[in-house]
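Undergrad: The residues making up each chain are set out below.
2 protein chains.
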Amino acid sequence: MIHDGMRVGASGFTRAGDAKAVPVALAQRARQEGKPLCITLMTGASLGHDVDRMLTEAHVLARRLPFQVDKTLRDAINRGEVMFIDQHLSETVELLRANQLGKLDVAIIEATAITESGGIVPTTSVGNSASFAILAEKVIVEINLAQPLGLQGLHDIWIPGRRPNREPLPIIHPRDRVGTSAIDIPHEKIAAIVITDQADSPSTVLPPDTETSLIAGHLIEFFQHEVSRGRMPGRFPPLQAGIGTIANAVLAGFVDAPFDAFEIYSEVLQDSTFDLLDAGKVTFASGASITLSAARQAQVLGELDRYRSRLVLRPQEVSNHPEVIRRLGLIALNTALEFDIYGNVNSTHVGGTHMMNGIGGSGDFSRHASCAIFATKSTAKDGCISSVVPMVPHCDHNEHDVDVVVTEQGLADLRGLAPRERAALIVRNCAHPKYRDLLRDYYQDALQGGGHTPHRLEQAFAWHTRLRDTGSMLPAARTSAQASVTPARA
Amino acid sequence: MIHDGMRVGASGFTRAGDAKAVPVALAQRARQEGKPLCITLMTGASLGHDVDRMLTEAHVLARRLPFQVDKTLRDAINRGEVMFIDQHLSETVELLRANQLGKLDVAIIEATAITESGGIVPTTSVGNSASFAILAEKVIVEINLAQPLGLQGLHDIWIPGRRPNREPLPIIHPRDRVGTSAIDIPHEKIAAIVITDQADSPSTVLPPDTETSLIAGHLIEFFQHEVSRGRMPGRFPPLQAGIGTIANAVLAGFVDAPFDAFEIYSEVLQDSTFDLLDAGKVTFASGASITLSAARQAQVLGELDRYRSRLVLRPQEVSNHPEVIRRLGLIALNTALEFDIYGNVNSTHVGGTHMMNGIGGSGDFSRHASCAIFATKSTAKDGCISSVVPMVPHCDHNEHDVDVVVTEQGLADLRGLAPRERAALIVRNCAHPKYRDLLRDYYQDALQGGGHTPHRLEQAFAWHTRLRDTGSMLPAARTSAQASVTPARA
Chain A
1176 MIHDGMRVGA SGFTRAGDAK AVPVALAQRA RQEGKPLCIT LMTGASLGHD VDRMLTEAHV
1236 LARRLPFQVD KTLRDAINRG EVMFIDQHLS ETVELLRANQ LGKLDVAIIE ATAITESGGI
1296 VPTTSVGNSA SFAILAEKVI VEINLAQPLG LQGLHDIWIP GRRPNREPLP IIHPRDRVGT
1356 SAIDIPHEKI AAIVITDQAD SPSTVLPPDT ETSLIAGHLI EFFQHEVSRG RMPGRFPPLQ
1416 AGIGTIANAV LAGFVDAPFD AFEIYSEVLQ DSTFDLLDAG KVTFASGASI TLSAARQAQV
1476 LGELDRYRSR LVLRPQEVSN HPEVIRRLGL IALNTALEFD IYGNVNSTHV GGTHMMNGIG
1536 GSGDFSRHAS CAIFATKSTA KDGCISSVVP MVPHCDHNEH DVDVVVTEQG LADLRGLAPR
1596 ERAALIVRNC AHPKYRDLLR DYYQDALQGG GHTPHRLEQA FAWHTRLRDT GSMLPAARTS
1656 AQASVTPARA
Chain B
1176 MIHDGMRVGA SGFTRAGDAK AVPVALAQRA RQEGKPLCIT LMTGASLGHD VDRMLTEAHV
1236 LARRLPFQVD KTLRDAINRG EVMFIDQHLS ETVELLRANQ LGKLDVAIIE ATAITESGGI
1296 VPTTSVGNSA SFAILAEKVI VEINLAQPLG LQGLHDIWIP GRRPNREPLP IIHPRDRVGT
1356 SAIDIPHEKI AAIVITDQAD SPSTVLPPDT ETSLIAGHLI EFFQHEVSRG RMPGRFPPLQ
1416 AGIGTIANAV LAGFVDAPFD AFEIYSEVLQ DSTFDLLDAG KVTFASGASI TLSAARQAQV
1476 LGELDRYRSR LVLRPQEVSN HPEVIRRLGL IALNTALEFD IYGNVNSTHV GGTHMMNGIG
1536 GSGDFSRHAS CAIFATKSTA KDGCISSVVP MVPHCDHNEH DVDVVVTEQG LADLRGLAPR
1596 ERAALIVRNC AHPKYRDLLR DYYQDALQGG GHTPHRLEQA FAWHTRLRDT GSMLPAARTS
1656 AQASVTPARA
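Chains A and B are the protein sequences, given in the same order. Taking this note's numbering, the leading residue of the first sequence gets 1176, the next gets one more, and so forth. Taking this note's numbering, the leading residue of the second sequence gets 1176, the next gets one more, and so forth.
Okay, chain A solo, but in the shape it has when bound:
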């Protein structure tokens, strides 16, 4: 059913609920046939089970969107062999529905079951599965016997109507259920059913460490300050936290924080979400997928009834929808690869050129949140890389969309500040001490040229080229003992 040149949409969001059999078989077939079998593959977000690796190695991927985290695929993207379209996760099926990405030939959807009335019940993610199934010509369903039947009822499938007569998205509170519990499509579109029995690939998130715990501490102190200033009236706003070690650690920090009974409206529900549900801190969690460590996966899927009334899984165009995010007034916490002295954020491109994973949902959430926070450790690679740089060589989130930046060093609240004020604050509060003077030197030099956002264009990327050429952003004279004893200026 899958031929060279086709567009295929597969379930899967952050390793959860991904199609596990058909893509692997496709890679095998491509290797065996030895003739071109190249497709455009769309998913919800990242896949598990090395599927992207296998498809890349078999040269099946001509085009891939909207997100990935696989090393083999990433390398192929960076060699220009796979055309990767890095998209806001809420937008892929919006474009598809508007016929802006061409016709979808086949959808491959992992399911818990097919109901008597023909509805496809997703598993641990909804992602783009519902719209893929609705928009594709043919649907292949993978019934995964390893996913518990208890998942049924957890999903809330609501799909925006076609424009120009679209109605409002009726979610007012994170817990609102507005759709159906299965994906309803005509029976005759289901072209094949495949039985599988593999669990989801477990999450690769690391446990909190000293630095991520410090970041969590700075944020909780900030939130307490916000409450005291009357900026979070009534109760703590719904929280979104991006996937990854830092966001997971910050959420973990909430277990002991003085905020009770708040809700999560996010895309990925990680281990920490369930820690907070267990601790009674979080009363409800809405997401597009559940991505857990192996131990947590066994526990949560084994005890779904404990969580059933406090969980919902939605299509990613609902979990990440601008309309709902702005209406709910979310706090959005996402991870930066690096940010600059004016608060522009690079989320995607190492050295400004090489794709890491993709923007994911970070833009969906940060643009529309009531408070958009970006977190990172202040340095990487044993201090050879500063995550606070003069200018980001790729800008995913600019000054207009970034409210707060935070590292283990501290937090900078940028709201209502002009670029020159931001620079002073970011350098003082967020940069690692051994890079502070260098950043101040850059900024002082840039000031000579004037401007709303002073820069010295010749030097703006000197740190990145130095890293490339010497292995460190520090100038040679500073890489030795001098660096570690440079005192911070007042």
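Just so you know, the hints here were simulated from the structure itself, not pulled from any lab data. Here a beta-carbon is modelled for each residue, glycine too, at the ideal position from N, C-alpha and C. Please note: incorrect hints may appear among the correct ones.
[Unchecked claim] A few chain B residues that face chain A, going by a derived Cβ cut-off under 10 Å, partial list only: (1) A1233; (2) H1234; (3) R1238; (4) R1249; (5) G1255; (6) E1266; (7) W1333; (8) R1337; (9) P1361; (10) H1543; (11) H1572; (12) A1621; (13) L1622; (14) L1632.
Using the hints, position chain B against chain A.
TA: What follows is chain B alone, placed relative to chain A:
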């Protein structure tokens, strides 16, 4: 009533409906008193009547947001004397409402009238006036006798509720009226009424020229192609067009285009909007302000009854609201200062450092539109500046949010393309012939370093520094005859 250190919100959006007397008196007072009188001034967008110049010269502006177009103020911003916060126009009062910009002390609102029940009837703009009046401690009303009473009934005041219990914004079609016709606040908050009789400053938009007409032609051809591919089913989607000469020229081009009965959902309604209403091409226009040339202003304000049933003026947080823009599936047309070979757009910073006007509503519209278009002439200053550059030195709209770029040379449809594909298309279709080979040279060199988005960081801003140092982006050898005869490569 206005003292040093206060936060003041004034009406005014793109020179329309601005407070015309009190700010001028404030500047005079500051000059006469000779003691510090520095305020934070928030408006809808830009002001007329040289108010920003007078306030800047009197050193009244400590902080200014969210937009401006005044040369004297711009220079002060770029010297670092006025702290300017460049914001998405939909977000200012959202931040104010959430207590993230401090308390608003005074609002100064131009009005046509105050109704018997106490409602303030705005004039030619709504902008942020309603929320300023609601959120400020005191309100000063300027009743402008030069604005026709016939403006009453044109406005539709709807203000989002406070989170976390906010309801959907109920606009489904551009013509929907969902609010009240005046700004309702308690009488006792109106602290003063000032009578004025000055017309709005006329628009400074230039008439179409050869290049803007070519841009209009490329876009109309593109739209015809979109219709033929079934991407605009039913009827032509509602259109947004940013303020300025290019957008005005494109709209003017629609008078003879084969698209009937479409609607405008925009922020500024310019001369061209009324040309299209007069021609019967546009059936309804929704905006936040009416900004016209002197001749059009006299005609439109004199014949408001002709347009009454086909016009509405809204708060800018409604005209520019992500929720409505995405729901309606707008086509958004905005102007770029420059864009790069990958489709990243600089809308604000000359040379990456010096503020021009601000991002305005361009981000509100382009992120959420069904098709986000950025237009510019391919060169400026007699060809010494290319508007297509290797890398933008300031990024207001990145690759994730830009669907189409267009110059008088041609149009590049970037949807569904990876960065390497975008580069080839943008250079071929949009760059001026005398810069095409230089861009190809940059790109070919960048390819040696690989990556999803190839760049040569050392050379990324060489064009901008060359312009600064020599007055031209062209290398010395190319500024003579050679440049104009360089043939485009295949």
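Undergrad: A separate judgement is required for each hint: does it hold in the structure or not?
TA: Results for each hint:
1. A1233: 20 Å, violated
2. H1234: Nearest chain A Cβ about 16 Å off; hint violated.
3. R1238: 7 Å, holds
4. R1249: 9 Å, holds
5. G1255: B:G1255 check passes; min Cβ-Cβ to chain A is 5 Å, inside 10 Å.
6. E1266: 8 Å, holds
7. W1333: Cβ of B:W1333 sits 13 Å from chain A, so the hint is violated.
8. R1337: 8 Å, holds
9. P1361: 21 Å, violated
10. H1543: Result: holds, 6 Å to nearest chain A Cβ.
11. H1572: Result: holds, 9 Å to nearest chain A Cβ.
12. A1621: Where the cut-off is 10 Å and the nearest Cβ of chain A is about 8 Å from B:A1621, the hint holds.
13. L1622: Check passed: Cβ of B:L1622 comes within 8 Å of chain A, closer than 10 Å.
14. L1632: Constraint on B:L1632 satisfied, holds at 4 Å.
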